[in-house]
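Novice: So the chains spell out like this:
Number of protein chains: 2
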Amino acid sequence: MNYPNGKKGLKNTSKVPSQDTKECSKIQYGKRGMKLEEEIDQSNQYFRIENIAVIHKKPTPIQIVDVHYPKRQKAVIKEAYFRKPSTTDYNGVYNGRYIDFEAKETKNKTSFPLNNIHDHQVSHMEQVSNQQGICFLLIKFSYHDSVFLLPFKQFMVYWDRFKSGGKKSITLQEIERDGYLIPIQFRPRINYIKIVDQLITMESEALK
Amino acid sequence: MNYPNGKKGLKNTSKVPSQDTKECSKIQYGKRGMKLEEEIDQSNQYFRIENIAVIHKKPTPIQIVDVHYPKRQKAVIKEAYFRKPSTTDYNGVYNGRYIDFEAKETKNKTSFPLNNIHDHQVSHMEQVSNQQGICFLLIKFSYHDSVFLLPFKQFMVYWDRFKSGGKKSITLQEIERDGYLIPIQFRPRINYIKIVDQLITMESEALK
Numbered sequence: 001m002n003y004p005n006g007k008k009g010l011k012n013t014s015k016v017p018s019q020d021t022k023e024c025s026k027i028q029y030g031k032r033g034m035k036l037e038e039e040i041d042q043s044n045q046y047f048r049i050e051n052i053a054v055i056h057k058k059p060t061p062i063q064i065v066d067v068h069y070p071k072r073q074k075a076v077i078k079e080a081y082f083r084k085p086s087t088t089d090y091n092g093v094y095n096g097r098y099i100d101f102e103a104k105e106t107k108n109k110t111s112f113p114l115n116n117i118h119d120h121q122v123s124h125m126e127q128v129s130n131q132q133g134i135c136f137l138l139i140k141f142s143y144h145d146s147v148f149l150l151p152f153k154q155f156m157v158y159w160d161r162f163k164s165g166g167k168k169s170i171t172l173q174e175i176e177r178d179g180y181l182i183p184i185q186f187r188p189r190i191n192y193i194k195i196v197d198q199l200i201t202m203e204s205e206a207l208k
Numbered sequence: 001m002n003y004p005n006g007k008k009g010l011k012n013t014s015k016v017p018s019q020d021t022k023e024c025s026k027i028q029y030g031k032r033g034m035k036l037e038e039e040i041d042q043s044n045q046y047f048r049i050e051n052i053a054v055i056h057k058k059p060t061p062i063q064i065v066d067v068h069y070p071k072r073q074k075a076v077i078k079e080a081y082f083r084k085p086s087t088t089d090y091n092g093v094y095n096g097r098y099i100d101f102e103a104k105e106t107k108n109k110t111s112f113p114l115n116n117i118h119d120h121q122v123s124h125m126e127q128v129s130n131q132q133g134i135c136f137l138l139i140k141f142s143y144h145d146s147v148f149l150l151p152f153k154q155f156m157v158y159w160d161r162f163k164s165g166g167k168k169s170i171t172l173q174e175i176e177r178d179g180y181l182i183p184i185q186f187r188p189r190i191n192y193i194k195i196v197d198q199l200i201t202m203e204s205e206a207l208k
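From first to last, the protein sequence lines are chains D and H. Mapping the first sequence onto the numbering used here, position 208 (from 1) lands on 208, and the numbers just tick up by one. Mapping the second sequence onto the numbering used here, position 32 (from 1) lands on 32, and the numbers just tick up by one.
No wet-lab data here; the hints were simulated from the structure. Possibly wrong hints are sitting among the right ones.
No copy is singled out in the list; a pair is fine if it fits within one copy or between any two copies.
As the list claims (entries may be wrong) - Dumping the calculated DSS-like pairs for lysine-lysine here, alpha-carbon to alpha-carbon at most 30 Å: (1) Lys57 - Lys35; (2) Lys208 - Lys74; (3) Lys107 - Lys74; (4) Lys104 - Lys74; (5) Lys163 - Lys74; (6) Lys167 - Lys74; (7) Lys84 - Lys167; (8) Lys57 - Lys107; (9) Lys57 - Lys74; (10) Lys163 - Lys107.
Nothing here was measured: the structure is a model prediction, and the numbers come from that model.
The whole structure should be built from the sequences, with the hints applied where relevant.
Specialist: Printed below as a string of structure tokens:
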């Protein structure tokens, strides 16, 4: 693969910011790339319009503490807190099959840190996987402007390594080997459904 | 069917209240029945624990306007508003298949009013249906303490009737005829997966 050089790497991995929070403005991104969430949203919109798949981002879970009702129609939430999501951010349907994934972006040049994936998200993905759902991570290396689909089963190898005291990250090399690079296109920006098709084909061949 | 008598019917239909809002306290329920959302949550928990299905309620969509950051870890939302959901409330996976439904409760004795189903929810269900997702409504008549599964395709007949100037509701009789009564059990409280199984069987027989 051909990666551009001469850029300074940043170490932190950031949760894909939610559309409905103001956090977006707090996170810095490279100049070249769009934010991963935006790219996925645009792609999902394309998939819906073209009747290819129906996949949505789940709303950010909020713990509401205080609501005022000045009028019946316009309740104002006056105190609320962000909650940790108990599932992944995206799910939906493609040709009858259940699709479920988490999207993460890192500014790290050579590896994807595992510390911003929550335990309960992993157990959710495990449950989904046991129910024959199609489950994966979309990982963006913003420095290289490259997005990978890493199937959950491959991810689990590195998660288990991490949890048994090993490396706290997955190297880019490992992701290149075990995942699928998704070419960035114009429309849809991230055609992850194309890779899902490959996964379904491989799955049905394995069953033969 | 055997319905108890002697109760006063209430006319309004209420949106299943969200766990994470305070609205719950604003809605009155009959003494006998649990709230439908609670019953579904308990059932979904059972399905997850028993590895039967992985189905979650989506968080309530919130438009956040103002967030304070007194500490990094504990952001406080100071102003936010409820948004109309663009999808249904529940989705997940059962044996590889995508499941999607909306849950509504009515205190009406003889019919289910259609005015609390949004247009965009119906178009979402239409999209899901076109993608071979398993899509339905769970409708609870709290007066009778009875819960029905109404497949989306059957629902659409009445929605179209409503949209072309006809009846603004589906009668209980119509729901009894076109839907499936879900017996209330101890565990899981609402075994809608049993009906989903029937739908899948009928679907595969129709394809033969």
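Novice: Each hint needs a verdict: does it hold in this structure or not?
Specialist: To see whether the hints hold, each was checked on the structure:
1. In this assembly of identical chains, the alpha carbons of Lys57 and Lys35 lie at most 30 Å apart whether taken from the same copy (14 Å) or from different copies (27 Å).
2. Taking the closest pair of Cα atoms, Lys208 and Lys74 never come within 30 Å of each other, the shortest separation being 57 Å inside a single copy and 52 Å across copies.
3. Only between protomers do Lys107 and Lys74 lie at most 30 Å apart by alpha-carbon distance; the minimum there is 24 Å, versus 40 Å within a single protomer.
4. Taking the shortest alpha-carbon separations for Lys104 and Lys74, only the inter-copy value of 22 Å comes in at or below 30 Å, while the best intra-copy value is 34 Å.
5. Proximity of Lys163 and Lys74 under a CA criterion of 30 Å is satisfied inter-copy only: 27 Å between copies versus 46 Å inside one chain copy.
6. Within a single copy, Lys167 and Lys74 get their C-alpha atoms only as close as 49 Å, which misses the 30 Å cut-off; across copies the closest is 29 Å, which meets it.
7. Within a single copy, Lys84 and Lys167 get their C-alpha atoms as close as 24 Å, which meets the 30 Å cut-off; across copies the closest is 43 Å, which misses it.
8. Proximity of Lys57 and Lys107 under a CA criterion of 30 Å is satisfied intra-copy only: 22 Å inside one chain copy versus 32 Å between copies.
9. In this assembly of identical chains, the alpha carbons of Lys57 and Lys74 lie at most 30 Å apart whether taken from the same copy (24 Å) or from different copies (23 Å).
10. With identical chains, the CA atoms of Lys163 and Lys107 are at most 30 Å apart within one copy only, with a shortest distance of 23 Å there and 50 Å across copies.
In this structure, only the earlier hint numbered 2 is contradicted, and the remaining ones agree with it.
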